[in-house]
Each structure stands twice: as C-alpha cells, then as structure tokens.
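First residue of the sequence shown: 26, per the working numbering; consecutive thereafter.
Just so you know, nobody snuck in bad clues.
Quick list of simulated restraints, FRET-style, between CB atoms:
| hint | residue 1 | residue 2 | range |
| --- | --- | --- | --- |
| 1 | PRO298 | ALA93 | 31 to 41 Å |
| 2 | THR415 | GLY158 | 41 to 51 Å |
| 3 | ILE263 | THR333 | 18 to 28 Å |
| 4 | GLN82 | ALA175 | 29 to 39 Å |
Derived by calculation from the structure, the hints in this document are not laboratory data. Computed from a predicted model, the values in this text were never measured in an experiment. No residue lacks a Cβ here, since even glycine has one placed at the ideal position from N, Cα and C.
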Amino acid sequence: MASSTRTAENGSELAPSHPSDKPRLRERIRQFPPSWHAVIMGTGVVSILFHAFPYGQQHGVLRGLSWAFTLLNGCLFVVFSGMTVARYILFPYVWRLMLLHPVQSLFLGCIPMGFATLVNQGVNLVNDYQLGGNKAFVYTLWAAWGLDAAVSVLVCFGMVHIKITRHKHSLENMTAAWLLPVVAPIVASTTGQLVAGILTPHSHTLALLTSTVSLVLVLIGLSLSLMIFATYYPRLVIHGLPATGLIISVFLPLGPCAQGGYSLLLAADILPPLLPALDSPFISSDAGTAALRVLLLAAAFMLWVLGTMWLVLACLAVWDVARRNKISFALPFWGLIFPNGVYTLLTLQLGKAFGGAAFFVDFGAAWAALTLVVWIAVAIPTVRFAHSGTIFYAPCLDRTPLNVPRAPEDTA
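Construct the complete structure from the given sequences, taking the supplied hints into account.
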C-alpha cells in the first residue's frame, strides 16, 4: 500500500506520517511526541514505590532496586529531553502543529511531571544517606522544584488558554486526557512538600514559603480537575466509553485524586510545624495547627475514596471493552502506571496517617506489586516496538482528522 506524503509550511515534502519499519533517527525524532514523557512518569513512580514499599526494607534489596530504576529514569529523561528539543529545532513547524492538536498538546504536562519524580528521589537520597547537611545539594533540589513548579503552572494555564481559544471540541470527542495539563501543578505540589521537609533545617522561611506555595498549587490543580470531572462523567453517560484505542485513558482520573490526596497528606505533616513562625493568634496556635492537620487528612481521605471510585469504574470499562474487542498495544498504555502508582502512594501514606492501619498497608503493598507487573508488561513491548521503529508516530503530523467514536456496541 502506498503511503501518502505531507507538505511542510515551507512547501518541502515530508516523510510519510506513518513511519516505516526501520525509520532513521531523524524520522524518529520528528515522530517523537510529548506523550513519550509518560514513560518517565511511569518509571519514576515505580522507583518511588520501591522506596515506599512497607515490607522488606531492612534487607536493602528494595532500596537498591529503587535507585536502579532512578538511574534508568534519569537516563531516559536525558535522552527524551534531548529528542524533544531536537524535534522542535530540526522541525520548527511541528511545534505549532503539536500545540494545535487537541490531544497531543495535552501531553506537554507529562514533561514537568516526569521531572518531578526525579526530584522526589533526590529528596529520598537526602533522607537515606543523611545528606541534609549538604546545603548546596538541598538548595539545588529546591531550585529544581522551583523550575518544575514554574513549568507546571505555565503548561497548566497555557494549555487551558489554548484549549479555550484555539482547539475545537465536542462532548463526544472529550477524553480524560484533558486532565494532563492541570495535574502537573498537583504533582509539583507533592514535590514541593517533600523539598520543604528537607529545607526546614536550613531556612525556616523558605520551607514555609515552599510548603504554602505547594498547597496553593494543589488547590489550583484539584479545582480544575473537579471541573473536568463534572464534564467527563456526563460525557461517559451520554456517549458511552471511549473508542477501543483510547480506553486506557479511563484510568487518568485516578491521577489528580491520588496525587492531590498524597500532597495534602504531606502538607499535614510538614506545614503545621512551620506555622508558629507566623505569630498568628489562630493559625499559629496548637488548636489551629491541629485543626489544619485534621482538615487536610479528611480531604486526603475523601480524595482516596473518589479515586477508588474512578479506579473501579476504569477496571469495569476496560473489562467491558476487552471482552468484545482486542485492545492493541500503543504508547498510551503508559498512562496506566503513574495513576496507579500515585494511588498506591496515597494508600500507603494513609496507612501511616491512621497509625499503621493494616488494610491500607496491605492493600497498598499489593497494589504496588500489581503496578510493577503492569510496568513490566508495558515496558517489554515498548522496547520491542521502539527497536523496530513502529511505535514512533505523532498524530499531530497525520492528515486524518481527530475522530473518537463511541466504543462498538455488543452485537452478540
């Protein structure tokens, strides 16, 4: 079958939109969309899960696996970032095409979220190896968080603005991928709370500022996410499940709920001890800080319940589609890992908050193991298809208009 060619804005002929079996490096770079950074998110959250696993930490094996995954993730981040930068330098017209694509542009949020997992592991490095006295390293992590937070806010508000002013939408074509840009500030808020914890011995003021800004970020992200939920649920009811190729996106609503709850739980531990410095008659009092802890814990638990609801609905949706249609592997499968990973982190953190409640600890451990299995199941075909080159495909370079049909009816 002959493949069609496309024409760049300058009139030059481009390579076929669908890559050949063995595309050259230049074509792989051109076909390298932002959605690849979901690989970094998934690998990063697995490295954190090894570190947070509630059993077997005394043997050091899990800690070693955590740092091995962190090293792998760091290498992936360098390579993917290099390919991303090269893409828009070598093919500048692609930037505009990507921004105007109503789906691919949303994956820009994956870039700061993937980087945040590396900063989180940097904080764990400080805690594991007593590097808190290394002021330069601590402030480097703080600067890295500041950069990540700034990019997250830029992507969040920038993409919301572009979706309002540049993209064309219909309720039927809506997917949970709308959440990706607005989740970025929530992820940055979690990183900020972790950084504030190691920053406190060096600068109480900066720690308080970092924790407060992080609380603002999570509230911004959660507010926008809840607005999207209010639209996404009617879309599912009215138009049914997404198409088979997009069915994995039903797990994305788990992300803001779990990550938001995790951030609020961290804030409950880190922010109240910093508040007495404000010298406020209410906020700085023992009663005020205790009330704040309870409020944040209650909000985190509510988000865990909401996330669990979306998790159950997502599992039912995938089961319903899979029993009737074959779900072919594609890059969006990486969207399974990060939401489930942060849901596990929230579950384990709730176990700590509730005094080592066995249900949360055991359930979190089981879900962490399941998340690792999913990572392996997704990573193996990704490596295989990356070697052949068939997985390198950017929909924003395709002439085909965006079409998200309803999942086929069961005709049996």
